[in-house]
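Quick mapping for you: the protein sequence lines, in order, are chains A and B.
Residues in the first sequence are numbered from 1 upward in steps of one, following this note's numbering.
Residues in the second sequence are numbered from 1 upward in steps of one, following this note's numbering.
Do not take every clue at face value.
[As the list claims (entries may be wrong)] Under 10 Å between C-beta atoms, here's a sample of chain B residues computed to sit facing chain A:
#, residue
1, Val20
2, Leu44
3, Gly58
4, Ile68
5, Ala73
6, Ala74
7, Val81
8, Leu92
9, Asp93
10, Arg94
11, Val95
Honestly, the hints are just simulated from the structure, not real lab data.
Note that beta-carbon positions come from the ideal geometry of N, C-alpha and C, so glycine has one too.
Below, each chain spelled out in residue letters.
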Amino acid sequence: MSWFLVHFAQLVFYVMAACVIAGAVGVIAFKSPVHAALSLLASFLGVAGLFVLMEAEFLAAVQVLVYAGGVMVLFLFVIMLVKARAIPREPQYVNRLVPAAVGLGVVLALLLGAGMWASVTGAPADAAALQRVAGVQLGNTEAVGWSLYRDYLLPFEVVSIVLLVAMIGAIVLGRKEPGKEGRA
Amino acid sequence: MITTTHYLVLSLILFTLGVVGLMVRRNFITVLMCIELMLNAANLNFIAFSRQLGDLTGQVFAVFVITIAAAEAAIGLGIIVALVRLKQTTDLDRVNVMEG
Chain A
1 MSWFLVHFAQ
11 LVFYVMAACV
21 IAGAVGVIAF
31 KSPVHAALSL
41 LASFLGVAGL
51 FVLMEAEFLA
61 AVQVLVYAGG
71 VMVLFLFVIM
81 LVKARAIPRE
91 PQYVNRLVPA
101 AVGLGVVLAL
111 LLGAGMWASV
121 TGAPADAAAL
131 QRVAGVQLGN
141 TEAVGWSLYR
151 DYLLPFEVVS
161 IVLLVAMIGA
171 IVLGRKEPGK
181 EGRA
Chain B
1 MITTTHYLVL
11 SLILFTLGVV
21 GLMVRRNFIT
31 VLMCIELMLN
41 AANLNFIAFS
51 RQLGDLTGQV
61 FAVFVITIAA
71 AEAAIGLGII
81 VALVRLKQTT
91 DLDRVNVMEG
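One chain only, chain A, in its complex shape (with noise of 0.2 Å):
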């Protein structure tokens, strides 16, 4: 039992880390869009749980919110969008996978749990550096705000600048031509 609370923090991190390369691999392995996306899900939620134990909460939490909520969400809809006729000839395509996906959700779910008690209870030493601005303690996401809105004020607008220009771009290419009928 001892042994396991000293490697804790290792078995979190092996497990993870097969975690995002099972996930990569499935990427390039399979063949049907579908799967890869859900595979690249794995993985992206993997390497969530890797932040977390590297002591960036706030990071993990927009891992999860921005790639395995939204680019994944974005992914999954333009796969549909594009492979709309190809899919639904197959019933059980979905069915069979019900099973692997949920179990793979809970798996996911107490690594991640696991992964933060472990940050939790076992501080390394410089954790308190990650979590100081001005010689005052913050919590995580504290910190990296104040970082970002006092140091990197510039970067940060021109950065929101370019995810104006991306919107407005991808509304312009993903728009249907003005008395044409569009297929797709």
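For this one, chain A is given, so just place chain B on it according to the hints.
For chain B alone, coordinates are given in the frame of chain A:
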């Protein structure tokens, strides 16, 4: 003890898998996914060094990388939709209009 080297090796493997996928796959959607994998590897490096140096800058730049990745995904998928409308395929080998 998990050291920074562990994270760097993992990040290396992840990046390599991304590059391999980029070269092996011919489906535009999968290629975009492989680019996301590579950006994730870069993020892992940023955070690992941020932890080792006890400096928040790495985490701030990881936020920027995630933002750029989201922008890239939006544009890339927009291009896919436009491409399918034009050629009814996402196969990169069949997108050779601009080859001289």
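Against the structure, the hints:
1. Val20: Nearest chain A Cβ about 6 Å off; hint holds.
2. Leu44: Holds: closest Cβ of chain A sits about 6 Å from Leu44/B, inside 10 Å.
3. Gly58: Given a least distance of 9 Å, the restraint on Gly58/B holds.
4. Ile68: holds (7 Å)
5. Ala73: holds (5 Å)
6. Ala74: Cβ of Ala74/B sits 4 Å from chain A, so the hint holds.
7. Val81: holds (5 Å)
8. Leu92: The hint is violated - Leu92/B has no Cβ within 10 Å of chain A, the shortest such distance being about 13 Å.
9. Asp93: Interface hint status for Asp93/B: violated (16 Å vs cutoff 10 Å).
10. Arg94: It is violated, given that the least Cβ distance between Arg94/B and chain A is near 14 Å, above 10 Å.
11. Val95: Hint violated; Val95/B Cβ to chain A Cβ min 14 Å, cut 10 Å.
Consistency note: the structure conflicts with the earlier hints numbered 8, 9, 10, 11.
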